[in-house]
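> Chains as they are written, first to last, in my numbering: chain A, 1 to 56; chain B, 1 to 219; chain C, 1 to 248.
Wrong hints could be hidden among the right ones.
[To be verified] Simulated coverage check for chain C against chain B, where a stretch passes if three residues somewhere in it have a Cβ under 8 Å from a Cβ of chain B:
no.: 1; segment: 132 to 139
no.: 2; segment: 168 to 176
[To be verified] From the derived model, a few chain B residues whose C-beta atoms are all more than 10 Å from chain C:
no.: 3; residue: A43
no.: 4; residue: Y119
no.: 5; residue: L159
I should point out that these hints are in silico values taken from the structure, not numbers from a laboratory. Yeah, the Cβ is synthetic: ideal placement off N, Cα and C, and Gly gets one too.
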Amino acid sequence: MQACFNSWHEFLSMGGYGFFVWGAYGALIMSFSLGVFLTRRQYKQRLQKNTDESTP
Amino acid sequence: MLRQFWHYDLVACFRSRAELLLPVIFFIMVVALFPMALSVDPALLQAMAPAILWVAALLSALMALNGLLRQDHADGFLEQSLLCPVSLPGLIFAKVWAHWLVTGLPLTLLAPILGKMLYLSWQGIGALVLSLLLGTPILSFIGAAGVGLTLGLRNAGLLLTLLVLPLYVPVLIFGTSSVMTATLGFPVIAPFFFLAAMLVLAVTFVPWATAAAVRIGLS
Amino acid sequence: MKKLASPREFYRVSGYCLPWVWSLFAVAFAVGLLDGLVFAPSDYQQGHAYRIMFVHVPSAMLSLGIYLLIASCALVNLVWRIKLADVIATVSAPLGALFAGLALLTGALWGKPMWGTWWIWDARLTSELILLFLYFGLIALRTGIPDQDRAAKACSILALVGVIDLPIIHYSVYWWNTLHQQSTLLRMGAPTIDLPMLVPLLAMIVAFGAYFAALMLMRARNELLHRERRSQWVHQLMVIPLTTEKEV
């Protein structure tokens with residue numbers, strides 16, 4: 001198994017397609033992070049709402 | 001008994017003649033917008049005619065759906081019919097066909113005139129009429145399912161459009177491609193075959209789905 | 001299995017499973033990223049741009065798979081009246097839309113260097129777009145009906161109508177499209193894709209699936225906390241302080 005790229009610069013530029021490849025992977029990371037963030041926030045909101053409702 | 005409902009619906013439809021004309025007028029106006037928006041170049045219009053006519057017909061059918069089932073829901077007729085021994089799917093089947101007779105069919109009959117206004121060839125017009133004849137009932141049936149699901153909801157009209165448009169796409173595709181193929185002079189079996197198949201599917205499946213949706217909406 | 005259908009049991013079991021699912025995600029994602037970005041060789045036709053495939057293909061597969069899941073849940077809900085199935089369907093719809101959107105975005109990013117345009121009306125992208133619209137419809141109907149029971153049944157019907165229409169839509173779009181690009185996985189199933197490219201792809205597919213499973217379970221738990229808020233077992237959960245509750 002050998003790495004494809006000889007230098008960091010090559011890795012980042014992705015043979016000229018850097019914008020597209022990193023754009024795609026960036027979108028992936030952002031959307032996955034956003035998903036987790038929103039879900040955890042939803043959890044806290046639910047707990048908060050439930051405790052609010054049960055303690056009048 | 002179903003026949004009675006059918007006659008009743010038709011009579012009710014013809015009573016408000018203005019409402020009858022609305023989808024038709026809408027159809028004409030939308031088609032007329034395109035030469036104004038594009039250009040009067042006959043070649044361009046001819047090339048775009050199948051798409052324009054089909055999209056306009058689709059939008060008109062969508063508008064016409066407002067007259068289906070809503071009034072019956074509003075004045076309690078649907079709830080009463082649940083108590084009736086008539087099967088609800090059967091009732092819906094009759095209603096949709098009656099609705100199509102006064103909305104989809106006029107669009108189909110008007111299509112040749114509008115087609116000629118867009119310089120469509122006679123083969124194209126033939127294919128257009130046949131595709132609309134097969135396609136507009138499909139639009140009515142799928143639309144009926146959508147109306148059933150959105151009965152009495154806030155924003156029902158907008159929600160209906162959102163639900164139903166993706167389901168309309170295959171009908172649109174086969175409809176327009178049948179006309180385009182015909183204008184090019186090729187034999188047009190496949191699109192009509194698919195339209196006919198979809199019609200059979202819609203007619204057998206949709207009344208049950210709509211009836212279920214209506215029952216849920218009324219419970 | 002029947003016992004699992006009870007909300008309380010589901011909540012308990014899912015809480016136990018979640019760490020495992022996240023671990024699976026972490027491993028598969030790391031392997032997929034590393035292999036896909038660093039070790040997989042450059043494609044002789046597409047250069048390094050083809051690496052977008054490792055994001056695009058799993059997204060597209062998942063967007064379709066989730067819709068099938070929702071339709072199955074819809075069937076279970078309508079026929080056997082298992083409410084849990086509806087909970088899963090409810091929370092899966094936004095996730096499915098997320099994957100469809102990601103597939104479209106990465107498809108555009110892949111298309112620009114390859115075909116020269118940001119968007120192309122080819123069969124796959126157009127089909128994916130319509131799938132996104134179908135998801136929007138499901139979400140809109142769910143939020144548009146205030147009564148939960150009615151919403152559950154209506155969305156179930158819509159999902160079933162949609163799933164029957166899906167092959168029709170898919171086929172019609174393919175039929176219509178003159179320059180269509182055959183499904184990547186199917187085409188590459190034939191000799192175009194070789195092993196070094198297949199491994200990261202499979203890893204990413206597993207990773208995406210695990211991510212969906214994790215988020216779905218978490219959101220289903222949230223939904224149950226909301227729907228069952230009047231019940232005893234939820235009350236008992238409230239009493240236990242937040243820190244001891246296995247949040248993840």
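> With reference to the structure, classify each hint as holding or not holding.
Okay, the hints, checked on the actual structure:
Three residues within the 8 Å Cβ limit are the bar, and the segment 132 to 139 of chain C against chain B gives 4, so the coverage statement holds. Coverage of the segment 168 to 176 of chain C by chain B holds. Counting CB-CB distances below 8 Å, 7 residues qualify, and the rule asks for three or more. Listed as a non-interface residue, A43 (chain B) keeps its Cβ farther than 10 Å from every Cβ of chain C; the least gap is roughly 21 Å. No Cβ of chain C approaches the Cβ of Y119 (chain B) within 10 Å, the least distance being about 23 Å, so the stated non-interface status holds.
Chain C draws L159 (chain B) into its interface by the beta-carbon criterion, the shortest separation being 5 Å against a cut-off of 10 Å.
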